[in-house]
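Novice: Each chain is listed here by its residues.
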Amino acid sequence: MDNQMIRAYLMDLYKNPKNYGVIKDHNLVLHGENPVCGDNITLYIKKDKKKIIDISFESEGCIISKAATSILTDKIKGKYIDDIDIDFFNEVREDLMVELSLSRIKCAELSFSIIDKGKKEF
Amino acid sequence: MDKKNFPIFKNAKFQGSISHGSGSQEKDFIYLDSSATTQKPQVVIDEIKKVYENYNANVFRGLYRISEEATSMYEETRKAVADFINAETSEIIFTKNTTESLNTVVYSFAKSILKKGDNVLLSEMEHHSNIVPWQILQKEIGFNILYLEVDKSGQFTNLDLITQKEPKIVSVVHISNVLGVINDVKKITKMAKDVGSYVIIDGAQAVGHIGVDVKTIDCDFYAFSAHKMMGPTGVGVLYGRKELLDKMEPLYGGGEMILSVSKDSCTFKDAPYKFEAGTPNFVDIIAFRKSIEYINDLGISNIHKYIKDLSTYTHYQLSTLKEVEIYGDSRDTGIISFNISGVHPHDVATFLDEDNIAIRAGHHCAQVLMKKFNVQALSRVSLYIYNDKSDINALVKSLSKIIDYYK
Ligand SMILES: Cc1ncc(COP(=O)(O)O)c(C=O)c1O
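In order, the protein sequences belong to chains L and D.
Per the numbering used here: the first sequence ends with 151, consecutive numbering throughout.
Per the numbering used here: the second sequence ends with 1091, consecutive numbering throughout.
For the record, the hints were derived by calculation from the structure and aren't laboratory data.
Idealized CB from N, CA, C, for every residue including glycine.
There could be a bad hint or two in this list.
Stated by the list, open to error - When the alpha-carbon atoms are kept at most 30 Å apart in a straight line, the in silico BS3-like pairs for lysine-lysine are as follows: (1) K688/D x K733/D; (2) K1091/D x K135/L; (3) K44/L x K1056/D; (4) K44/L x K1091/D; (5) K1085/D x K135/L.
Claimed, not checked - Derived coverage of chain L by chain D (criterion: at least 3 residues anywhere in the stretch with Cβ under 8 Å from a Cβ of chain D; other residues may be distant): (6) 45-57; (7) 86-94.
I would like the entire structure built from these sequences, with the hints used as guidance.
Specialist: In structure tokens, the structure reads:
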């Protein structure tokens, strides 16, 4: 894909993110903010013990943060929380298909770090 | 006014290949983030090299020729700074930046006069460097921190708080780094002095942009950074009224700042030296004089007028884009914060970067103000003498591409 196509792909994820909104039967809510830019994300999770059955999100933020959360929520469904590690995040980053500058990695990372910090809730 | 004296514009061109499929094309560097730090003219850069190559010897210590030369050049900068803001040389303390200057006032001065129950008055448009040190000291002492409130246009709405609350200290910004308003610090100081307050002014965005005369303002302390006025990084200034500096205890102890030391005690040098412990950043301080000379050669009132005109042009051009909302009404300085509806400021900055246009996006170290305006982040354009209309035209063109893209 050339850069224009990647951009169109990200823009589409931004405008039509997957898993956006609040799923009805969630039993865990996780929230996080990036203090640097004020981006914030709320994750609504339906879990069964350590397994993530379903997930959705609401957020305020930039293209990268929304697109990354869209990708992450899609990938994470059906997985066990203990399998969510840095390799998982690296896959999310690969799916974003852009080189992220140092200052923008934080945007992509936010939803992952919310999950990572929330592990103890499982 | 003269881009060609600033080597960055020659060196930071960008081989644009990713933008909008337009193929590879050299893009000029358009720098619109001077409030964060200004670019440096060749004369300042050359001076740094010259000092290292010719006069590198520790100031105040060596009893040999080049050390004495370095020391006298160091003192010449102090003289240039003093003249520039109409102070005495003994009232000019070199620090590393505005932040350190403000912290010095908080710990060496405010700490000794504040008691539990006293009021300290700040404003909602302060930079974190004029809020956080107060909050840290507040934990220790337990005084109250009050805020002057700011309306949408950028004006204070409750200046009468000064007369009502009779704060021990008033500490406010001269020019807001978000709204670009020039506060009437002379009037604020007068009101504060009438109720016996001490007055501290954060001049980080003012010095080098507008004429600053500390005697006319009549404040007790005034803080600013060399790097925001074409000088090197790592150099800050604290002006303090002589009588107060004489009474204050130093913040740091160490070499250079003492007269004598025994096992049990020591005596300090007089101000400003007692506040300059350890080897100072003398190379950059010496080079700082070149930026003051550069400003003096252009003339500070010419600089202000130039930026004001360009700011008016920028406001007008931005107002042609109906999606752009500007925060604050001021056109007096080159600081313009805005948002584009539906586009996150970080995305604005990233898209502009593809056209080699540098702006700032974020909370600008002013989260109190961001909360007041109920925004997470803002985009900010800030201008200085090397900017011109062509930069603004490029900005507006690039912004309209972004707006189209989001449609
Ligand atoms: C109004 C204001 N005060 C203080 C500062 C802090 O300056 P420095 O980072 O040089 O200490 C800044 C810098 O952005 C500023 O804009």
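Novice: Tell me the hint numbers this structure goes against, listed in increasing order.
Specialist: 6
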